[in-house]
Every structure is written in structure tokens, then in C-alpha cells.
Amino acid sequence: MHPATSPTANAPAARGHRTLHRRSMLRRLTAAAVALPLLLGAAACGGEEEGADPDAKVELSIFWWGGEARAKLTEEALALYTAEHPNVTFKKTWQANQGYFDKLATLTAGGDAPDIFQIDDNYLTEYASRKTTLDLNKFKDDGKLDVSKFPESLWQYGVVDGKLSGVAFGENTQGLVYNKTLLQKNGLPEPTTGMTWEAFIAWAANVSKTAKIPGTQDPSADYKAFWVWLRQQGKDLYKGKELGFTAEDVTRWFELWKGARAQGATPTPDVIHEGNVTDITKQLVVTGKAGTSWVWANQLPELKKNTKDELGVIAYPGDPSAQWARASMYFSVFQKSKHADVAVDVINFLANDPEAGKILGTDRGLPSNLDVRKAVSESVTDPAMKLSIQVESELGAKFGPSPQVPLKGHSKIRAELIKAAEEVQYGRQDPAKSAAAFLEICKSAIA
Amino acid sequence: MALTTAPNPTPPARSSARTPAKARGSGRMRHGEGLAGYVFLSPWLIGLMAITAIPMLLSLYLSFTNYDILTDLSDVEWVGLANYERMFTADPSYWHSVQVTLSFALIAVPLKLAAALGVALLLNRAWRGVGLFRGLFYLPSLLGGSVALAIVWVSMFNRDGAFNSLLSLFGIEGKPWVNDPGWALETLMVLAIWQFGAPMVIFLAGLKQVPTELYEAASVDGAGRIRQFVSVTLPMLSPVIFFNLVLETINGFQGFTAAFVLSNGTGGPVDATLMYTLNLYITGFTELDMGYASAMAWVFLIAIALITALFFSTGRFWVHYSDGDGN
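Protein chains in written order, with our numbering: chain A, 1 to 447; chain B, 1001 to 1327.
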């Protein structure tokens, strides 16, 4: 380096000065090392303050899970919003369901959660109870968020501890999807809504025998099937802050399906396991490994995309009034969003605008707004979507009251039910012992 | 730095330090260079601080809290040793994951090293085309812990996968390997063993270092092939074996990708593939129990450090460092 670059070096007490200089350099270096991440963090948290000017440029971030079809529809609907409000643009991010909530949690931890995010009832309570979601009651009360056209029970399914934590975006209910083509080819009867569980299992055993394909996926690891069955027994998954069932209930549920396996109604444990852990596109009813799968009724069109066979859908066995109108998902606003007003307006638009409703269709479930729902069901052309709407509307007339939004710890309970049921399916544990262990874990999960 | 070459009254020897070559001898110049060194290092140093050191220390702090990832850091509660207590006394799935990880490492690592050494011995000869074989055997390691490889593995070891089709040629009825709780972990072990290329290449390099005189001397003394292997090859190779053992053990404990892909991130079937790191991930990111997951991470770090220290302390009994001349 050139001497001239450092004028301070010409000082007489050069030695001492140099040490000093070096020290202060080091100190500054350390300070910089510490400050840099802070600065970066501040920049990430910063962003422009929202002015009073309604035409100020706003960029909203929005995050959802889903496939390509959903992405296309959502982007189209958001573009419509931008066309009407040119100052508002969107930073859109989407991905498959697997890993979505890991990502959302990480973004939230970094203080960088999207302004608007899609969420479901597995996590709504987790997020709401940790003040991550904005309480939307204020917007509902001053008319900025209109849920007046929603079924009452549907928008209330977004209320956690008195706070409106998410706007129900689509309604669905449990649906048992079966392979029509397989049944017709073998001259077998179709299952019907209202069959008892025993009758259904006998039907499935008969399918296995005749069609040489297991009649039904074993749903003992499926929380929603277990839940419906519990409600038919006058129980529930949750009661207040407690569990709504006992170890005996779980044992009886496991015994029911142990019996079904003995009759040959269900696949081998490894195939059941495949159905338990894979996403919607690889459910056994579309991979041809079983005659029926236990899904949500609005997933029928998605299933249909993965098979050439005709599919049908009915309610889960037993009394269908145990089923309910569930919010298939919600849109929530991040509590620290800088543009909460605009974010709420966007959600309001997506939920209530007839044009946006037409674009979004039933991709996220039956539209929450009943007017939009009516318009959409009249204009739908896709036969699978038509069937799913028709069945859901028929079942809608029989629905019982909605249960409460699941407690914090719900996702853990779902995962543990799979393990407990599989222990029994693989024959590594008897139903009573597995049920008892499961109950202990559930208790600590919601504590 | 520039300032050291400025006119300097004391001492006389240093005042002449105007040329870089001489300046290097000066203590002050070394300081200057040291500082320059830090400046040049700063991109890495800042990265280390911001991305590794600070988060690590933070996670140590978090391991004593009930941090759940969604709550603000300023709102977390100090819970003392509760996370560690729960880990050691009240969490059966934790111990299950420890057991899964230990059995994975104890079986897969020695077999992988044995395979690597065996193949390295075979390839340490001068036939035509040996380079091609070295390349081929190394190939699986290039794919590393890739997701794509794990997906291929799952489809190969399904009930109707390629492996079972192969078995059926011999009239053997296969199992649903990856979906069978009794076999899923073993399938992962085979995957790990199959990727023996990296230690193999290191073994090959080590074998080339063994002086041929030793073999000549041994054969003059009447030692057969096995005797030569035991008395010459193994001792001469022991530093390389040691190196591979330490590295592969640490790798083995950290296995994550394949288990994650095989089980769709659940550790299933029935927790058969619930490796320690996978359990940690599920606890932190799916169950949002980040304080507890941090505690798990620190216990893991200490455990690996202890195991590595154990290797080093036993090393002096069996690792033979020569000066390269066989002395």
C-alpha cells in the first residue's frame, strides 16, 4: 500500500498512535460484525410506513399452499384486484402442502411473515394463541370485512378465544371417494350414505373378494374418520380445553378396523401406510390399491385428475349428521402487517366479489359467500367439480353443528394417531395398549 | 498497512524498513499484516458470526426457554433445565430416536468402511481400465445426500419396486422394504453403505503411500498375502482408517435427507426411521417446540464431540503414524 494513503501515520508518536489506530480499527470491525446483522434485520423489518394517502403504492406479500391449478386461479383473481386498485401489487409465493407450515413458521420467526397467508384448522389455534394472526373482529364490525353472506357456523369456525383469527375460505366436509369403474366392471353395488360401519366393512370385504383389490383404505389412522365416528358415539375430539374421548373409545375404533382387516376388507399394512403419509395425488383410490379413500369432498376434482376411472363420493359411514361444514382453509392477516387495511380489503374482495369468485371456483372448497356459491355452482362445467358441489350441497342439509376449532397441539395428535394406528396395523401392539399410550401423548400435547 | 513504511525515528534498524521484504521482519509490520488479514477475512468472519456463531449461542440460550418459534424472542420464558429434564426423563420418542441413530451408525459406518477398503484394495492394482472402475465406484458418492437419490431408493425398494422384481426372478417373495417398520431403517443403511466412494478414494490414496519395499521385505520373510495385509497394510493405513472412521461416524449420526424423504418427513413407518436430526426437525418446525429442539441440538453436539474425543483418545493405541519411510 502507498504511504500517502494514511496521513495519520506521519504523526511523531507513530508507534503509540498505530496501536491505537489498530485497536480502534478492530473495535470498529467488531462493531461492524455485530451491527451488520442488526442492520439487515432492521431493513427486513422496516418497510415504508403506511401513509394516509389511499393511492400510495403498496406491495402485499401473500403465501399459500396448493398445486399449479390453484396458483393460476389465485394469480388471476389477484390480478383482477390490481386492475381495480392499480396502486396495490402482490408478492406471491406458493408451494406444495408438505413443508408449507415449516416455511410459514420460519418466516414468522424471522419477523418476515407474509401480510396474507393461507392456514387451516390444524394450525389456526397455534398461530392465533401466539398472537401471530390479526384479530379481524374490528374490520368485521366496521364493515370492511363482510361475512354477512357466509353461513354463520362457517365464519365462526375462524374464531379462536373470541378473536376472529381467519376468514373461512371455502367450505368442505368429509367425503368417502370410491372407484365407480371398478365396481361396475365387477358388477358390485355402490356404497351409500348412511350405511352403518359394519355394513360398509362387509361391503368392502365383498369388493376385495370379487374385484381382487382391497375394498377400502383402512382409516384407523385418519383423524377425520375417527372424529366423525366419535361424534356418532356422542363424543368429540375436543371438549373445551380437554380431550373429548377416552382410551376405551380409541380401543373400540382400533378394534373395529382390526376386525375389518381380519375380514380382508382393507389392504396390507405397508399399503395402508402409503395411503396414510402420501398427499392427495397418490391416495389409494387413484393408485388402484384400494376401492375407496377417506378424503375431503372438495378434493374429488383433484383426485379425478390422477385417474382415468370414474369416481363417486358419499359421506363417511354411520349417521351423516355427525359431519359438519368445515372451513377447508382460511386466509389470515399477519398481526404485524404494515398494510393490514389493504390486506383485509383483499381478503374481502377474494371472498365476496362475484368476478373473483367465478375465477376461484371451488378450488379451495365451496365458496364461503352463499351468493357466490350459487353463481359458481350454476356455471361449473367440470363434471368432477359438479359432483363434488352436488354431494356437498346434499350433505349440507344433513349437517350437525360444527365442533370447536381444534386445540393447540392438534397436528401432534394427528401425527400420533397415525403412529398408534400403525402399531396396531403392523401387529406390533394390541389395540388397548396402543390406545392407552396414544391417550397419554394426546394429554401432554394439548397441555 | 501503509503507515508502517512512513519515516520512523526509532529504532534505527526499523527506520530502514522501507522495502516489503525487510518490513516483514518487523513486529509492527506483522501487526499491520495481521490487521490486513482480518480485513480480507472479514467476509468470512462476518458470515461466521452472523450465520453460525451468534445463532448457535442464541440456540444455547433458547434451549433454556419455552421458545415456540412463533412467539417474539422478547416474550420467551426462562424454564431453566426443564427441556433437558424432559429429554432425559419424560420423552420416550427421544430415546427411541437415539436408539435408531445409534443402530444406524453402529451398523452402517463399519460396513461402509469395510466396503470402501475392500474395493480400494481391488482397485489398487494396475489393470487396464482400472480408472474407469474407480470412477464408477465413486459415482454414487457424487450424488451425496441428494433428495433425488432418496426418491429413487424409495421406488426401488417398494413392494412393487425393482429390487423385488429382481428377487422374484429367483423365486423369492420380497417385502415392502421401505414401508415395513422392520426393514425401513435397514434400507437406509444399504443406501448409506452404497455411497462408499468418498472413503474409498481416500483409502486408495493411502494405499499408494505404503512403500513397496515393505511388501518386498515381508515376502522375503515368507509372509503370505493375508499376513502382509494384517502386518503391513493395516498398520500403514491406520491413520487413513482413523480419518475415515471419524468423518463417517459424524456423517452417520447426522443422516437426515434420506430418512426425511423416505418417510415424508414423519420418521415412519411407526418411527422406524426417526433419526435424531429428523426428530429434532419435527420437534422444532412441525410441533413448533423450538426451545426443546434447541436443547436436543446441544445434547447432540456434545454427544458427537464426546464420541470424537473418544476416538482420538483410543487412537494412540492403534493408529500408527510413520514418517513415510516405514520407520
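Just to be clear, a hint being listed does not mean it is correct.
[Unchecked claim] The calculated BS3-like cross-link candidates involving lysine-lysine, where the alpha carbons are at most 27 Å apart (straight line), are: (1) A/K209 - B/K1175; (2) B/K1208 - A/K258; (3) A/K131 - A/K374; (4) A/K305 - A/K282; (5) B/K1208 - A/K282; (6) A/K235 - A/K304; (7) A/K144 - A/K338; (8) A/K338 - A/K305; (9) A/K163 - A/K149; (10) A/K140 - A/K336; (11) A/K209 - A/K149; (12) A/K212 - B/K1208.
The set of hints was computed from the structure by calculation and includes no laboratory data.
To see whether the hints hold, each was checked on the structure:
A hinted pair counts as satisfied when its Cα atoms are at most 27 Å apart, and A/K209 with B/K1175 qualifies at roughly 23 Å. For the proposed pair B/K1208 and A/K258, the alpha carbon gap of about 61 Å is over 27 Å, so the pair is violated. Distance hint between A/K131 and A/K374 is unfulfilled; the C-alpha atoms sit about 35 Å from each other, more than 27 Å. With a C-alpha separation of about 11 Å, the suggested pairing of A/K305 with A/K282 holds against the 27 Å cut-off.
Restraint check: the Cα-Cα separation between B/K1208 and A/K282 comes to about 51 Å, which exceeds 27 Å; the hinted pair is violated. Between A/K235 and A/K304 the alpha-carbon distance is near 34 Å, which puts this suggested pair outside the 27 Å criterion. Simply put, A/K144 and A/K338 have alpha-carbon atoms about 17 Å apart, close enough for the 27 Å limit, and the pair holds. About 40 Å separates the Cα atoms of A/K338 and A/K305, which puts this hinted pair outside 27 Å; it is violated.
A C-alpha spacing of about 19 Å is found between A/K163 and A/K149, which places the hinted pair at or below 27 Å, so the restraint holds. Among the hinted pairs, A/K140 with A/K336 is consistent with the structure: their alpha-carbon atoms are about 18 Å apart, no more than 27 Å. Restraint check for A/K209 and A/K149: the C-alpha separation of about 49 Å exceeds 27 Å, so the hint is violated. Note on A/K212 and B/K1208: the hinted pairing is violated, with a Cα-Cα distance of about 60 Å set against a maximum of 27 Å.
Checked against the numbered hints given earlier, this structure breaks hints 2, 3, 5, 6, 8, 11 and 12; the rest are met.
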